[in-house]
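Student: Sequence:
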Amino acid sequence: MDVLIQDNSASHRRPTHRSGVGHRADYDAGNRFELFLLGDDEKKVEWKEETRVPNTAIFTFNKEDHTLGNLLSQRLHTYPYVTFSAYKIPHPLFAKFELRISTDGTVSPKDALVNCCKQVIEDLAVLSRSFTTEWLAKRIVTEGDADRNAREQNNY
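Residue 156, in UniProt numbering, is where the sequence shown stops; the numbers in between run on with no holes.
Only true hints are included.
In the DSS-like style, the derived pairs of lysine-lysine whose C-alpha atoms are separated by at most 27 Å in a straight line are:
| # | residue 1 | residue 2 |
| --- | --- | --- |
| 1 | Lys-43 | Lys-118 |
| 2 | Lys-48 | Lys-96 |
| 3 | Lys-118 | Lys-63 |
| 4 | Lys-44 | Lys-118 |
| 5 | Lys-88 | Lys-48 |
| 6 | Lys-44 | Lys-63 |
| 7 | Lys-63 | Lys-96 |
| 8 | Lys-88 | Lys-44 |
| 9 | Lys-63 | Lys-48 |
| 10 | Lys-110 | Lys-48 |
| 11 | Lys-44 | Lys-96 |
| 12 | Lys-110 | Lys-63 |
| 13 | Lys-118 | Lys-88 |
| 14 | Lys-110 | Lys-44 |
| 15 | Lys-43 | Lys-96 |
| 16 | Lys-118 | Lys-48 |
| 17 | Lys-96 | Lys-110 |
| 18 | Lys-110 | Lys-88 |
| 19 | Lys-43 | Lys-88 |
| 20 | Lys-63 | Lys-43 |
| 21 | Lys-118 | Lys-96 |
| 22 | Lys-63 | Lys-88 |
Estimated spans, in silico, between C-beta atoms of each pair:
| # | residue 1 | residue 2 | range |
| --- | --- | --- | --- |
| 23 | Pro-80 | Arg-148 | 52 to 62 Å |
| 24 | Asp-65 | Asp-104 | 25 to 35 Å |
| 25 | Trp-135 | Thr-67 | 20 to 30 Å |
| 26 | Gln-119 | Thr-56 | 18 to 28 Å |
| 27 | Leu-37 | Thr-133 | 23 to 33 Å |
| 28 | Asp-145 | Thr-67 | 34 to 44 Å |
I should point out that these hints are in silico values taken from the structure, not numbers from a laboratory.
By construction, the Cβ of each residue, glycine as well, lies at the ideal position given by its N, Cα and C atoms.
Go ahead and model the full structure; you've got the sequences and the hints to work with.
Tutor: Structural data, given as structure tokens:
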């Protein structure tokens, strides 16, 4: 019998609904934590200055994808001292993106990115607090409705 998929000790096979039939999708491609946990020799962000364009740098983010790339790029567009920002994914199979930032020279690209990250973190903290407040309020209302329903059922 020819084996289409070699067994990988780092992966596991999901149970199939048909006995003895396996599909490529039933196999995990290695350890899923490798997609977002950095190795010992990996850095989260690496950067280099662009020599062809003044006040420009390229930042490479490892183990990240479109979510952070688009968030940072679009936020950088709101700053008056940023003249250009865009990201690209060099290869779709690798969790890595490159963010190119050009400034007018009043602020370095690195400082622009640091300011952007600080502002994004503050916005996410506000979102977290707002979500928690709304979730707790919804929980209180739901528990109150459950208590009221229980009291009404006991009265009949």
